[in-house]
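Student: Read off the chains here:
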Amino acid sequence: MKLRILAVVLLAAAASAARAEPTSSPRWGSFQLGAGPYTPDIDSEFGGNGPYHQVFGNGQRWMFRAAIGKSLYTGYGDLEVGFRTGYFRAAGRAVYLDPATNTYKTSGDDTSLNIIPTSLTLTYYFDVLAERYRWIPITPYVGFALERYNWWTNTTGGASKYGATNGWSVTGGAALLLDAFDPDLARELDNETGINHTYLFFDVTHAQMNDFGSSKSWNLSPSNTAYTFGLLMVF
Amino acid sequence: MRRALLLALLAPALARAQAIGAGTINFAPAAIGSALCNSTATTNLTLSFNLQLIANASVTTGSYIVYATTAATTTSTNGLTVCPTSAGTVTTVTASSSASQVISVGAATVVSVAGQQCSNASSTINVCIHYVPSGSSVVTGSAVGTISLSTQPPTAPFIWLIEPASGALLVHWNPGGGTAPSYYQIVATAGGVSRYSGNIFSADQNVNGRITGLTNGTTYAVTVIAFSPGGDASPASNEVPATPQQTAGFWERYQADGGKEQGGCASGPAGLGALLLSAAGLAGLRRRS
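Chain order of the listed sequences is A and B. The opening residue of the first sequence carries number 267 in this note's numbering; numbering runs sequentially from there. The opening residue of the second sequence carries number -10 in this note's numbering; numbering runs sequentially from there.
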C-alpha cells in the first residue's frame, strides 16, 4: 500500500515537472565567451624542462576565447558549425650568457610569445532534456575543431618571429541552463534581445597542435588537460 | 516671512548659477626652478591661455592684465573667477582677438610680484589674466592658472640594481628624500663620453628606466639624477658599473636549444590540404541538413 502511494506521488511530481516550456524565439545559433588555463607543450621537445619554462617560468597563464556558432540542425538537440578565436600571451625576460660564470642570467629585455588561436568548430548540444524538463537544466555537448594557432614572438630590441601551427581538437562538456533559476526573467530576455537561453559551461579538450605531426613543428598542444569555462548564449 | 525665507534659501543657489568661472592658463615651463627664478630674462615664462568671457562680450580693443598672488582667487560681480584686488600686476599688454593667445613674462617678476623669493623651497602662485576693454574698468574676460615655485633639488637617488640588456641597461633605483622628484635621467659614461637617457617621469618609490644606444661588452659607470618640478638637479646617485650584453629572447633561446620549429607554417601543403578538406566536409554536411 505504502509503495502504491509513493508511486502515485512520484508520478504526479514528474507529470507536473514535465510541463512544456513557453515558446522561444526562433533559434539561429550561439555565442560564447570563455577562458581556461593554458601552457603550450613546447618543452616536450626537450624532455619537459626547456626554453618555455626557463624563460616564462611555471606560472599559470590563461587563454581567452570567443566563439560564434550557426545552427545546422535543431530537430533533436542542436548541431552547430562555428568559428572560435581568442588570445594567449606569455611574457618574461630574455636571458644573457654571463661571461663571469658562463651561465644564463635574466636580462633587462622583455620577451613574449603571443598566440591567436582560430578554430572551425562542429558542436552537438544535447539540449533536449534541458528544453523539456526544468529540473534537468544540464546540456551535455561534444565538439570537434580544426585549429590554427597563429603565433609570434617579440623581444625588446630584437627581431620578431611569426608562424602558424595547425591541428585539431575534440571537446566534451556540459552547460548549466541558467534560465531554470528564473524562467520569467529568461523569457523577458528572449522577448527583448532574442537570447533564448543563457548557460554556464565547462568543458575539457584534447588537442593535437603540432602541424599534424610535422617534423618541423613545435607542439602547441596544452601540456595538461585543457579545461575552459564561461558563458554561452543561445539566440 | 515665507518670501524672505525662500529668498534666503535660493540666494546661494542663484549666486552659484551666475558664476561662469575662468579660462585656463598653461605654463611653459610648468614650474619655476632656481635657474628660471634667478634669471633676469623678462620673457622666460610663457603663458598660453584661453579666456572665459561674460555673455555677449568679445575681445576687441583693450588690455590683458597679468596678476600674480598667493592669495585665493575670487568671483567677480559678473561671475568670472579672478585674482583678488590685492594681487600684484606682472604686466599689461594690448589685447588680441587671435585664437592663439600667448603672453611671455619674466618668471622672477611673477615670483616677486606674488611676494615670494627664489630662496623659498616651494610655494604655489595663482596667475590670472584679466581682459579689460578700452575705456572701461570692468573685467569682461579672465583666465586663471597655478604655477609652483620649486627651487630646492631632490636629494640623490640610490641605484640598487642594473640588469644588462642588448645595447641597453635597465636601471632600478629609489628616490632620495627632500623635494619630490618630477623626473629622472640615467647617465652612462665610458671612455670619458657620457650618454643620457630621456626624461623618465615617475612618482613611485621603486623606479626603473632604460638607457639605450650603448655598446654590448663595454662597461659603463652608471648614475641617476633626479630633477625637481622646477628642473633643479639632484646630486648624482651612487655610481654602479654595468655592461650591456647580447640577450636571447624566447625564440633565440628555443633555437639555441635545438628546437624543431622554423616559423611560418610548418605543416606545409599537407596541413593546408587537411584544413581545406575538412572545411569542404563541413560545408557538405550543412547542405545535406
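In case anyone wonders, no lab produced these hints; they're calculated from the structure. Fair warning: this is a prediction, and the values are worked out from it, not measured in the lab. Think of the CB as a built atom: it goes at the ideal place given N, C-alpha and C, for glycine as much as any other residue. Treat each hint with caution, since some may be false.
Here are the simulated distance ranges between beta carbons [stated by the list, open to error]:
1) B/Ser85 <-> A/Phe297: 52 to 60 angstroms
2) B/Asn15 <-> A/Thr367: 15 to 23 angstroms
3) B/Gly247 <-> A/Lys371: 34 to 42 angstroms
Which chain A residues stay away from chain B? Per the calculated CB distances, all over 10 angstroms, these [stated by the list, open to error]:
4) Ala301
5) Gly314
6) Val321
7) Tyr428
8) Ala430
9) Ala440
Student: Run every hint past the structure and note whether it holds.
Tutor: Tested hints:
1. At roughly 58 angstroms, the beta-carbon separation of serine 85 of chain B and phenylalanine 297 of chain A lies within the given 52 to 60 angstroms, and the hint holds.
2. Judged by the Cβ atoms, the range 15 to 23 angstroms given for asparagine 15 of chain B and threonine 367 of chain A is violated: they are separated by roughly 53 angstroms.
3. The beta-carbon spacing between glycine 247 of chain B and lysine 371 of chain A, approximately 21 angstroms, falls outside the hinted interval of 34 to 42 angstroms.
4. Its beta-carbon lying about 23 angstroms from the closest one in chain B, alanine 301 of chain A satisfies the requirement of being farther than 10 angstroms from that chain.
5. Look at glycine 314 of chain A: its CB is around 13 angstroms from the nearest CB on chain B, clear of 10 angstroms, so calling it non-interface holds up.
6. In this structure valine 321 of chain A is not separated from chain B by more than 10 angstroms, as the shortest Cβ-Cβ distance comes to only about 5 angstroms.
7. A beta-carbon of chain B is positioned within 10 angstroms of the beta-carbon of tyrosine 428 of chain A; the least distance is around 6 angstroms.
8. At roughly 5 angstroms from the closest C-beta of chain B, the C-beta of alanine 430 of chain A falls inside 10 angstroms, breaking its exclusion from the interface.
9. Alanine 440 of chain A, annotated as away from the interface, keeps every beta carbon of chain B farther than 10 angstroms; the closest lies near 24 angstroms.
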